[in-house]
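Residue numbers (our numbering), protein chains in the order written: chain A, 41 to 317; chain B, 52 to 491.
You may find that some hints are simply not true.
Part of the chain B face toward chain A, derived, beta carbon under 10 Å [said to hold, decoys possible]:
1) 476
2) 478
3) 482
Distance condition first, Cα-Cα at most 25 Å in a straight line; then the derived SDA-like pairs of lysine to any residue [said to hold, decoys possible]:
4) 309/A / 285/B
5) 122/B / 302/B
6) 375/B / 105/B
7) 442/B / 309/A
8) 442/B / 176/A
9) 442/B / 270/A
10) 442/B / 380/B
11) 483/B / 270/A
12) 483/B / 271/B
13) 309/A / 105/B
14) 442/B / 262/B
15) 309/A / 283/B
16) 442/B / 266/A
17) 122/B / 59/B
18) 442/B / 180/A
19) 442/B / 311/A
20) 442/B / 273/A
21) 309/A / 174/B
22) 383/B / 176/A
23) 442/B / 264/A
24) 309/A / 280/B
With the Cβ distance kept under 8 Å, some of the chain A side facing chain B (calculated, not the full set) [as the list claims (entries may be wrong)]:
25) 136
26) 178
27) 265
No lab work stands behind these hints, which were simulated from the structure alone. If you're wondering where the values come from, they're calculated on a predicted model, not measured in any experiment. Heads up, the beta-carbon is just placed ideally off N, CA and C, and yes, glycines get one too.
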Amino acid sequence: MHIVEVLLALFLFAGSAASMWSLLPAPATESILLGIAGMLLLSLSIISNQRASLYRRVRPLVTVFLVFNLYGIAGKIGTASMYGTIDSQLQAIDHALVGFDPISFLQSELPRWSYEVLAIAYCFFIPYIHISLFLHLEARSGSDRDEFLTGLVVLYTCSLLGCLFLPAYGPAAFPARHNLLPLPAGPFVDLTAAGVASTGGLYGAFPSLHVGASAFLCLADRARDQLRFLIYVPLCLAIMVATLALRYHYLVDVICGASLAMIALPLGKQLSRRWQR
Amino acid sequence: MMSYRVIVATARLGLLCFYRNVEVVGIERLPHRRGLLLTSNHTNAFVDSLLVMHALSPRRVRITAKAALLKTPLLGSLLRGAGAITFHRREDGTAQRSNGEAIDAVVAALTREEIVLLFPEGFSHSDGALRPFKSGAARMAISAAATSSVAVVPMSITYLDKGRFRSDVLLEFGPALERDTIRSHTPPALTGIIRQHVENLSITVPPSEMRELAWVADLIRYSLRSPERIGTRESVYDRVVTMREIAALRAHADNPAVRELEIAAHLLYQRAGQYGVRPHELWLPLSPWRATVFVLREGEVLIAGLPFALWGAIHALPSYLLIKTAVRCTAKDEDHLATHAIFLGIPLCTSVALVQTAIVGTVAGYEVALLYMLTLPFFVYVALLYADRLKDSLLRARSFLGLVRSRNGRDILRAEVTEFRNRVEGIREEIKSGLHQEIR
Numbered sequence: 041m042h043i044v045e046v047l048l049a050l051f052l053f054a055g056s057a058a059s060m061w062s063l064l065p066a067p068a069t070e071s072i073l074l075g076i077a078g079m080l081l082l083s084l085s086i087i088s089n090q091r092a093s094l095y096r097r098v099r100p101l102v103t104v105f106l107v108f109n110l111y112g113i114a115g116k117i118g119t120a121s122m123y124g125t126i127d128s129q130l131q132a133i134d135h136a137l138v139g140f141d142p143i144s145f146l147q148s149e150l151p152r153w154s155y156e157v158l159a160i161a162y163c164f165f166i167p168y169i170h171i172s173l174f175l176h177l178e179a180r181s182g183s184d185r186d187e188f189l190t191g192l193v194v195l196y197t198c199s200l201l202g203c204l205f206l207p208a209y210g211p212a213a214f215p216a217r218h219n220l221l222p223l224p225a226g227p228f229v230d231l232t233a234a235g236v237a238s239t240g241g242l243y244g245a246f247p248s249l250h251v252g253a254s255a256f257l258c259l260a261d262r263a264r265d266q267l268r269f270l271i272y273v274p275l276c277l278a279i280m281v282a283t284l285a286l287r288y289h290y291l292v293d294v295i296c297g298a299s300l301a302m303i304a305l306p307l308g309k310q311l312s313r314r315w316q317r
Numbered sequence: 052m053m054s055y056r057v058i059v060a061t062a063r064l065g066l067l068c069f070y071r072n073v074e075v076v077g078i079e080r081l082p083h084r085r086g087l088l089l090t091s092n093h094t095n096a097f098v099d100s101l102l103v104m105h106a107l108s109p110r111r112v113r114i115t116a117k118a119a120l121l122k123t124p125l126l127g128s129l130l131r132g133a134g135a136i137t138f139h140r141r142e143d144g145t146a147q148r149s150n151g152e153a154i155d156a157v158v159a160a161l162t163r164e165e166i167v168l169l170f171p172e173g174f175s176h177s178d179g180a181l182r183p184f185k186s187g188a189a190r191m192a193i194s195a196a197a198t199s200s201v202a203v204v205p206m207s208i209t210y211l212d213k214g215r216f217r218s219d220v221l222l223e224f225g226p227a228l229e230r231d232t233i234r235s236h237t238p239p240a241l242t243g244i245i246r247q248h249v250e251n252l253s254i255t256v257p258p259s260e261m262r263e264l265a266w267v268a269d270l271i272r273y274s275l276r277s278p279e280r281i282g283t284r285e286s287v288y289d290r291v292v293t294m295r296e297i298a299a300l301r302a303h304a305d306n307p308a309v310r311e312l313e314i315a316a317h318l319l320y321q322r323a324g325q326y327g328v329r330p331h332e333l334w335l336p337l338s339p340w341r342a343t344v345f346v347l348r349e350g351e352v353l354i355a356g357l358p359f360a361l362w363g364a365i366h367a368l369p370s371y372l373l374i375k376t377a378v379r380c381t382a383k384d385e386d387h388l389a390t391h392a393i394f395l396g397i398p399l400c401t402s403v404a405l406v407q408t409a410i411v412g413t414v415a416g417y418e419v420a421l422l423y424m425l426t427l428p429f430f431v432y433v434a435l436l437y438a439d440r441l442k443d444s445l446l447r448a449r450s451f452l453g454l455v456r457s458r459n460g461r462d463i464l465r466a467e468v469t470e471f472r473n474r475v476e477g478i479r480e481e482i483k484s485g486l487h488q489e490i491r
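Just need the whole structure built from these sequences, with the hints factored in.
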């Protein structure tokens with residue numbers, strides 16, 4: 041990797057983290073956002089010139105930065121500006137799929153200690169996707185990298201369309217509908233709740249990008265690094281259960297997220313090859 | 052058919068645990084909806100048959116075996132369940148009986164468009180070179196070709212270290228000999244053709260020399276290029292092809308240039324050993340960035356995978372020790388190490404797993420025992436992959452440190468290897484053009 045890529049990646053990550061997690065006072069955050077905008081413009085100018093030597097290096101990082109940040113923007117726009125949310129419809133679909141409310145069912149079946157374990161898995165999502173993305177972008181080159189990125193963009197695009205046009209808050213926003221009691225308190229349960237609050241609260245439940253992104257990256261390892269794939273299958277399964285147990289998603293969100301992940305990888309490959317022709 | 056599928060599925064578990072890579076090449080060349088007589092070299096007893104059954108699954112393969120094996124308790128049942136066709140051999144001390152029924156069974160199977168696996172040498176051995184082929188395969192093929200569209204498919208099974216746990220295997224199917232070819236030759240002539248084809252696909256050196264051959268092959272293949280990332284599945288076929296070419300070169304031992312090359316290879320082996328460098332890692336990139344990424348990538352996998360691997364290793368340990376003891380007691384020679392390990396491994400592992408599950412069930416209840424039983428194969432498999440990965444990572448780190456510590460030595464070694472490779476290419480061309488001139 042070129043030193044410019046490393047610096048850009050660090051800057052983008054730090055800027056995103058600072059702005060989204062509100063770690064710094066407002067003026068500093070605004071400066072960082074301005075800085076991000078400036079780097080973005082610079083990056084766009086570089087990537088628009090395909091003959092630039094940094095084109096191949098900068099493009100993946102800018103792509104990842106854009107899809108990550110668009111998720112937050114699209115989710116908030118969807119819930120704020122659409123006619124209403126589809127939470128009740130998603131709840132009805134869940135009931136039609138399994139014959140009962142899976143959220144209430146998990147509340148009655150899961151022992152109290154399991155919520156902390158699932159919250160730990162949920163927290164692992166962020167480091168997992170960042171490390172996985174880094175490893176995949178570093179290990180792949182040329183058309184292989186393009187195919188991977190295209191698959192990622194397909195996944196995020198479909199998910200963002202869902203967030204925009206089929207907005208939902210998730211079960212946690214409607215505790216009465218599911219007869220929900222408060223979650224057992226614990227350091228990681230509280231951390232996930234704080235994390236969700238700091239990124240703007242509940243939005244963009246359908247489809248589940250937590251499940252989609254983690255499943256996509258896990259499946260991307262399947263052909264390239266079998267051990268890594270097997271190690272992270274339990275984490276991905278735990279994330280699926282965690283999103284339900286912690287009430288951030290409906291069962292249909294999880295199913296759609298996982299399905300999108302399975303489709304995105306081969307579709308990304310096909311699209312990338314077609315465009316290269 | 053049900054018992055055949057069960058045997059193949061069970062054998063597959065054993066094979067994938069024992070061997071790290073089982074690669075199959077040329078399977079797309081196999082004709083469909085025709086009788087096929089597969090003729091193969093035979094160096095690893097019953098494992099050869101299991102590998103072919105696994106490779107061709109879901110297509111059913113009629114294996115052949117010596118009749119004496121039917122008397123052994125477990126193997127006899129397996130052979131009967133798999134529908135094996137058995138032949139009597141004079142060497143087994145059985146009474147002189149005609150193999151007429153067996154021959155008719157093979158011909159009938161070929162006529163019914165089944166696949167039959169035959170080992171024309173008649174023995175499993177570790178000679179390296181192929182033994183003379185018996186003419187039975189040719190005769191049966193000619194008989195079947197009289198009434199049906201049968202093909203003979205020469206194939207080879209190459210083990211990089213057949214008795215070693217977690218080594219690699221290659222199954223290679225050659226181009227089929229069609230009906231016209233079969234019918235236009237006499238049995239001795241056809242036997243010679245089949246033998247030549249199988250020999251072309253085989254590495255005819257003794258197993259004791261395979262490791263050195265693989266070493267030289269890696270030296271040549273990875274000359275001037277970086278090794279693959281750890282965790283990537285390397286092509287066994289590419290390695291075996293290079294080994295075959297070098298083995299063919301070594302066959303010209305009367306050529307002084309070839310003898311010099313052997314000495315040079317020995318010296319390079321010693322020099323590389325001094326630095327602790329593996330042959331395919333001589334051109335390892337030595338930049339700090341690549342080293343950092345290596346540490347991050349391997350460290351992440353090894354740390355994240357440690358709990359799974361430990362769990363799998365602890366629970367597989369009783370089975371492993373039991374199998375090791377059983378193989379030491381029962382396997383008389385290296386030829387039968389893998390066969391006994393896989394063969395005994397399956398029932399022993401299953402029994403130990405059931406006992407462990409029962410203990411868990413007694414202590415923690417039925418549901419936990421069910422979960423334990425269902426997840427145990429996953430954890431054991433992760434433990435196997437983890438052990439391979441840990442070993443590769445440590446050896447790669449050792450190669451890296453060896454290269455970094457002595458830059459002058461590294462550059463000299465690289466230059467010598469490049470020269471060695473060029474000399475190998477040069478001598479190959481010379482021998483090839485020499486052969487062409489002889490033919491003319």
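Hints, one by one, checked against the model:
no.	hint	in the structure
1	476	violated (28 Å)
2	478	violated (35 Å)
3	482	violated (38 Å)
4	309/A / 285/B	holds (22 Å)
5	122/B / 302/B	violated (42 Å)
6	375/B / 105/B	holds (24 Å)
7	442/B / 309/A	violated (33 Å)
8	442/B / 176/A	holds (23 Å)
9	442/B / 270/A	holds (18 Å)
10	442/B / 380/B	violated (28 Å)
11	483/B / 270/A	violated (47 Å)
12	483/B / 271/B	holds (19 Å)
13	309/A / 105/B	violated (30 Å)
14	442/B / 262/B	holds (18 Å)
15	309/A / 283/B	holds (20 Å)
16	442/B / 266/A	holds (16 Å)
17	122/B / 59/B	holds (21 Å)
18	442/B / 180/A	holds (24 Å)
19	442/B / 311/A	violated (39 Å)
20	442/B / 273/A	holds (23 Å)
21	309/A / 174/B	violated (48 Å)
22	383/B / 176/A	violated (48 Å)
23	442/B / 264/A	holds (18 Å)
24	309/A / 280/B	holds (22 Å)
25	136	violated (28 Å)
26	178	holds (6 Å)
27	265	holds (4 Å)
This entry does not satisfy hints 1, 2, 3, 5, 7, 10, 11, 13, 19, 21, 22 and 25, going by the numbered hints stated previously.
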